[in-house]
Amino acid sequence: MLRYLLRRLIISVPTLIGITLITFLISHLLPADLVLINLGDRAAQNRELVRGFRERWGLDRPLGIQYVVYLGSLVRGNLGTSISTHRPVLTELALSLPATIELATLSTIVAFIIGIGLGILAAIRRDSWIDWLARTVSIVGVAVPTFWFAILLVSIVYFHLGWAPPPGRLTVGLAPPERITGMYLVDSLLHGRVDLFLDALHHFVLPVIVLATVGVGYVTRITRASMLQALQQDYIRTAQAKGLGQLVIVLRHALRNALIPILTVGGTLYAQLLSGTVLTETIFSWPGLGRYAFSSAASLDFPAVMGVALFVGVFYLMINLLVDMLYALVNPRIRYG
Amino acid sequence: MERRALLRPGHGGRNAGTIIGILVLGVWFVGAIAAPLAPYGLDEQHLEEAFHPPSIRHPFGTDDLGRDVFTRVLFGGRYTLSLALTVVVLAGVLGMLTGMVAGYFGGWADELLMRATEIVMAFPSIILAMAIVVALGSGLANAGLAMLLVWWPPYARLARGETLVVRRMEYVEASLAIGQTDAGILLRAILPNILSNMVVLATIDLGSAVVTAAGLSFLGLGATPPTPEWGAMVSAGRELLTQWWVAAFPGLAIFLTVLGFNFLGDGIRDLLDPRGRRRS
Amino acid sequence: MNVRWIRSAVVIAAAVFVATSLNMLPASAQRTDVLIIAKDISDIRTPDPSKSYDISGVFLQFPVYSRLVRQRAPNFWKVDPDLAESWSVSSDARVYTFKLRSDAVFHAGNPATAEDVRFSLLRAKNIKGYGSFLADPIKSVEVLDPRTVRIELNDPDASFLAALTAGVFSIVDSKTVKAQGGVEAVGADTNDKAEQWFNTSSAGSGPYRLIRYTRETEIVLERFDRYFGPKPFFRQIIIRHVKDPSTQALMVQRGDADLALDLSVDQAESLMGKPGIQVFEDPSAWTVYLGLNTSLAPWNNPKVRQAVKYAIDYDAIVKQIMRGHGRRISSIMMPAMLGFTETQNRALLYPFDSTKATALMREAGVSRASVSLTWASGANYGALPLDRLAQKLRTDLEKIGIDLRLEPLQQSIFLTQYRQGKPETAIGFWFPDFMDPDNWSYFVTGFINRRLRWESPDGQRLVEEARMTGNAQQRASLYAQYNELLAAPDSPYVFLVQPTNLTAARADLANFRYHPLFFLEFELLRRK
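Chains as they are written, first to last, in my numbering: chain F, 1 to 337; chain E, 338 to 617; chain W, 618 to 1145.
Calculated directly from the structure, the hints in this document are not laboratory data. Be aware that one or more of the hints could be misleading.
To be verified - Computed, partial: chain E to chain W, Cβ under 8 angstroms:
{"no.": "1", "residue": "H389"}
{"no.": "2", "residue": "G474"}
{"no.": "3", "residue": "A478"}
{"no.": "4", "residue": "T561"}
{"no.": "5", "residue": "T579"}
Think of the CB as a built atom: it goes at the ideal place given N, C-alpha and C, for glycine as much as any other residue.
Using the sequences and the hints given, assemble the complete structure.
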């Protein structure tokens, strides 16, 4: 197991280097004038300002050297400084990452609970109304265009019904909990601020509904299919013959075996949500990774863009690894050596 | 057949789903083809009639430039559907070929492919899409290119896995023994065996391609005016508080199309994938 | 079994949802002296006033910092005292001397002195930030006594007094900023370490001080009780980042925000006449034109350029595209400003005359032409949606045989390409740095006109002379000639519109004053 883990970590290094190289090339070879975009039209007329800018961001050096310099500081844990805000990229990421992690995690959990529940029920009560519901959910959920759905929810649930707060992470003017993790739900509880916790939770309702709807579709579909398959296996019949209770059969045996495809789908889903969902974040004024990626790319803030790409890459690899580890946990027959 | 049976799950329900899917998609395809027959042009502006609510003359109302939304939604099918189809077919073929080659030859080719798919899948696609649009300009073709670049890895992985399985089968070994060329084996022995799974994946994938294409246009990274792409139409209408119809109908069009593809995808899976059929 | 499990999960989820719903009271109920503004503030790069040059940055700077002089609505061309109570300008417009008021105090309690002015102006110049080019004319700043400061310029510049109202010339508390690592001497661009400190604090002498700034989230300002001007009504001002203008409109309608500032014409239209809402309409500083690249066919033919000026249905653009929230302009300047009277604006307008346009095209010998039109995709100039404008221009020019191929570009690429003079046709705009006609002179100096491959030595002479002239009347007549020149039939500019600025507010808000450049006067706003 340890050797396997080590091997996985080692082969992820070239992947990450590949990601930085691609991002670097993309952001430096674009036909947009970095100086102009960042200094503005009128400042870019001033030769001295332009020279200072190029020097400061190392743009006067050959491309290859710039990349090596970047990798060099990366190894030392330095992601560089954002061109727009002059703050370390790491600091900036530390502001936007927690918002996304919180949203992605909550949405995935909700999607898992509803999706697995619905999938199991559909499989054991096949052809019942609940099966029908599950299959409708699995097809409709996946079909909803998130941006459209999000706008619809804001205008109906927030505006017309007033059941949800306006977009944002907290009620206007409310000071966020003092920063520990940057995740409002966690920090508010750590500080014992139940009022803040509830307020933050309330602001999660709409974006989580949007993101979880898609997730529920995928999870329900895969759960139902793999449960049906598992329930037809011989050992389930044996278990039934032995007179084990249905609950035990479903949970201990069938679900356990169906869990691997569910985990795969769930892992992919989670990784996708963690890379930031720019559409949902835009509509809900959520200052997350997706917005950060989008606005940094729009202003050609390349140190920021590289930082985002790197983090998303790390997330993706980590979650894949985690899912593979969980496989072994769920099914002892899978061993990594 | 009883009417209720049509809506019931199980085999009848599954077929009903397929039929619904085909019907919905059929309507869009016919609509897209027949769109020029609509009473208005796709960019026919009547400024004095801007923002008219749905009526008999304009069943979906008119937009900010007084254009008929119904006509534009019909035309929109052409862009959205053809973009989704093109991306999925190209990505499918590209992914399948690379996956087959990697799975068949193994070794460093295989390792290279797996790393490449991993990099693409771990890369934040929004940055890639931005970069392509920034470099090449907005437009449906460039949005398609951005999608294509991130769309192929699942096909490559599936094709690779299937090829690994098929390769060990006896008749492939036999073909090798009688001196068939690698290309011949790939095309005659392996391709037919993995094709059905690729088709199943592609059909299910069409729905998400439609949503992604529309999402890119929504962000301003896809279709350019006056192209009536559905996502771009939702985007243009989202700012309107009281003229809900401008965004609602194209949004509904996206939703129904994806729904149709999903139903159809399930149906085709039953038809082509024997394992899938056993499963349910 | 798990039916029950799921059921209880659903019940718990529903309970949490309901509980949190009840927790939400309508915020408007308990916030008499708190003002909530919904605005897109994502363009703010830094709250450091000497470095910032973003349009929304003004929202941070103007209530927090004072400058030597200020301009206020509605007579926003007049330069009024701010920190300086009086001033004198040498007859060659090269030396400016200011006498400071004695009662101004910074947020940290230090009195505002001539040394603070020297420090702030030089820091703005030497820190080489985005707005530092505005400080380029400064040669030296001298403290004559604690309340008198003299600024000497490299060259005569009659526009400099107005330039001093710009955000980059905000006066900061030199003691506080120095203590945070601030540097004003040459080399400040590398030695100054104070920028990050401005993210959490402010060193101004304005009516509000900064309590909290979170990027793309919120700015919280609190009343500064020792402000030298009238005591502001609102104890707290919260500027909430809301990206979507339509969401901003929804928030004002529900009372979750008092002001929505980024409305486009469509949202403003739907809010007008709604109970509890008032919509303010003020002139904006955006002026929009169509630029024709004169090095390319068909725009290299002056007759075609003239034809285009007659071929556009301007009134339909104002009435339908902008839904009446704007007006036609005949030059780049804002009508009614120094050097561009309302009368001149009206006199120079081109009528929409398709017969004449067609005749001109015949004269030019061009029956069909195809040319591309680029603009910043999805952008709004003020309340004007560009995508919509572009589609309208296309239909208008089609009628005289010119096929405009619509090629919108991402904002960053559009700026780059336009600067490089690549677009064949472009929708351009002007938005000033400060309110003096000199800032509108770039359409002949080479800055804008070279992008369209057009030169006007006469125009250049006019604006140079106007900059050096202290006499206002003389300047006015020079700029009037400049406008005439820009509006000539063969010029590469087709001037279109000046959009208005639309703001939605709760009905109980009073004393709303809008400045096209510096936006709101927070200290005047109050509830009825």
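**OP:** Starting from the hint list further up, note which numbers the structure goes against and sort them upward.
**Re:** 1 and 3
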